[in-house]
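These protein sequence lines map, in sequence, to chains A and B. Take 1 as the starting number for the first sequence in our numbering and just add one per residue. Take 1001 as the starting number for the second sequence in our numbering and just add one per residue.
Rather than coming from a laboratory, the hints here were simulated on the basis of the structure. Glycine included, C-beta positions come from ideal geometry on N, C-alpha and C. Every clue listed holds true.
Label pairs and their computed distance ranges (CB to CB):
{"no.": "1", "chain 1": "A", "residue 1": "K45", "chain 2": "B", "residue 2": "A1063", "range": "42 to 48 Å"}
{"no.": "2", "chain 1": "A", "residue 1": "A123", "chain 2": "B", "residue 2": "I1066", "range": "27 to 33 Å"}
{"no.": "3", "chain 1": "A", "residue 1": "D27", "chain 2": "B", "residue 2": "V1123", "range": "34 to 40 Å"}
{"no.": "4", "chain 1": "B", "residue 1": "D1040", "chain 2": "A", "residue 2": "E86", "range": "50 to 56 Å"}
{"no.": "5", "chain 1": "B", "residue 1": "A1043", "chain 2": "A", "residue 2": "V132", "range": "17 to 23 Å"}
{"no.": "6", "chain 1": "A", "residue 1": "P125", "chain 2": "B", "residue 2": "G1110", "range": "31 to 37 Å"}
{"no.": "7", "chain 1": "B", "residue 1": "P1083", "chain 2": "A", "residue 2": "D129", "range": "26 to 32 Å"}
Each computed SDA-like pair below joins lysine to any residue, with the alpha-carbon atoms no more than 25 Å apart:
{"no.": "8", "chain 1": "B", "residue 1": "K1240", "chain 2": "A", "residue 2": "P114"}
{"no.": "9", "chain 1": "B", "residue 1": "K1217", "chain 2": "A", "residue 2": "V84"}
{"no.": "10", "chain 1": "B", "residue 1": "K1076", "chain 2": "B", "residue 2": "T1011"}
{"no.": "11", "chain 1": "B", "residue 1": "K1240", "chain 2": "B", "residue 2": "D1093"}
{"no.": "12", "chain 1": "A", "residue 1": "K45", "chain 2": "B", "residue 2": "D1169"}
{"no.": "13", "chain 1": "B", "residue 1": "K1244", "chain 2": "A", "residue 2": "P85"}
{"no.": "14", "chain 1": "B", "residue 1": "K1044", "chain 2": "A", "residue 2": "I138"}
{"no.": "15", "chain 1": "B", "residue 1": "K1044", "chain 2": "A", "residue 2": "V132"}
{"no.": "16", "chain 1": "B", "residue 1": "K1217", "chain 2": "A", "residue 2": "Q57"}
{"no.": "17", "chain 1": "B", "residue 1": "K1044", "chain 2": "A", "residue 2": "S119"}
{"no.": "18", "chain 1": "B", "residue 1": "K1180", "chain 2": "B", "residue 2": "N1236"}
{"no.": "19", "chain 1": "B", "residue 1": "K1180", "chain 2": "B", "residue 2": "F1132"}
{"no.": "20", "chain 1": "A", "residue 1": "K53", "chain 2": "B", "residue 2": "V1146"}
{"no.": "21", "chain 1": "B", "residue 1": "K1129", "chain 2": "B", "residue 2": "T1118"}
{"no.": "22", "chain 1": "B", "residue 1": "K1076", "chain 2": "A", "residue 2": "P121"}
{"no.": "23", "chain 1": "A", "residue 1": "K53", "chain 2": "B", "residue 2": "R1163"}
{"no.": "24", "chain 1": "A", "residue 1": "K45", "chain 2": "B", "residue 2": "R1170"}
{"no.": "25", "chain 1": "B", "residue 1": "K1129", "chain 2": "A", "residue 2": "P85"}
{"no.": "26", "chain 1": "B", "residue 1": "K1240", "chain 2": "A", "residue 2": "P112"}
{"no.": "27", "chain 1": "B", "residue 1": "K1076", "chain 2": "A", "residue 2": "P128"}
{"no.": "28", "chain 1": "B", "residue 1": "K1076", "chain 2": "A", "residue 2": "G146"}
{"no.": "29", "chain 1": "B", "residue 1": "K1217", "chain 2": "A", "residue 2": "G2"}
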Amino acid sequence: MGRCFLVVLDSVGIGGAPDADQFFNIDLPDTGSNTLLHIAQACDKGQGDRGRKGPLQLPNLDRLGLGAAVELACGQRPPNLLAVPEGAWGAASETSFGKDTPSGHWELAGLPVPWQWHSFPRAQPAFPDALVAEVCAIAGTSGILGIGWLARALAMAQLSKSPACLSGCTGRRSLCNSWYLRYFGQLPRIGNRNFARSWRGPL
Amino acid sequence: MQDLGAAHCETGQPICYTSSDSVFQIAAHEQHFGLERLYDLCAKIAPRLHAMRVGRVIARPFAGEIGAFERTGNRKDYAMTPPQPVLSNWLQDAGHPVIGIGKISDIFSGQGLDHSLTGSDMVLMQHLKDQFAQAADGSFVFANFVEFDSLYGHRRDVAGYARALEWFDRALASLLAAMKPDDLLILTADHGNDPTWPGTDHTRERVPVLCAGMGPKPLGLLGFEDVAATVATYLNVTPKGQGKSFL
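Assemble the whole structure, with the sequences as input and the hints as a guide.
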């Protein structure tokens, strides 16, 4: 009997999720997001030239069928991934209602997550009183230094520096404008209407 | 974090914080608060958080003097145990050696693994090459390469992500060369993290399923669960759950 190797390339998505409009970054739906396609497109335009250069070079993955899998998933062939597949290749969708690491891996291992993971609210106080009381009781302290969402401020700081923001803007709305203008026309057909419907800024 | 660290050393109170992920993180000073005391706190509060469907409690120890605090390497995750047996359990229960590489052990709370090998992605690649050379017949090797996500996706670093992909692709050549005639290699992903997208979170996407060892074959649109069914079937174990083998 042979051996079986299952290798997960963490976060290397290929777009086209039929339920992407139900998942968000800040308050923008993930419709049209495509990790592999957008990296390949950026590299093709010379926007990936730091510590490397030129179009994305993935001859071995492509030989197995990566370029074909991207096209199957989202309808667009990524630049420079044009090989005729020599491996078995396909594109898989997740049913668990979570785009996190445990949900993805549990479902790949045969166990879709039957619940929605709980995330704490962004509003203060993020943590319920009873939970805080229990932490204090175990730690033997009179309180916690509870700050809730640490990533929020970091995320906003990074947004304002995002390479997608061409005008150096800091507001989310103007960021959306420059981002949308830049990618408009490159978004896969699938879900375009959802994106347009959620689009609230001027075009 | 520096200000909170100073307040922590003064009051002795643990620092609790979260993010968009389903996590409850506790930071405390290794000397002022104590590392074992932090681990004990996390271990005792974890069941309550898991019951709330919070996936992980993370101990985040730091050290150093006021104004110069630094995280230490003693982070510890307390992840929820999967509520039912998963692929690695099915195989292990049937007598197959199961090896986890990278954060697989954290993700499955150590379930169903004979060995777990960890390190940076570069170290993990060496572990994986070693397994291609050494793993016994009938073994299942389950690996995760996390740095695409942790170093480049969340940071929205297109060039860094491309560099990591190209590094992996070069290493893949030697993995393919090390395959034995009866081996099956499946490459896939767990979600997206588009580095050109606004925000810093993961993105909901389909994932590729690429196989070496089966010859050329279009598999079409699949479900994540089909991967588990395929691995189990390949190793002559009856899969549980809804997945369909694509062999």
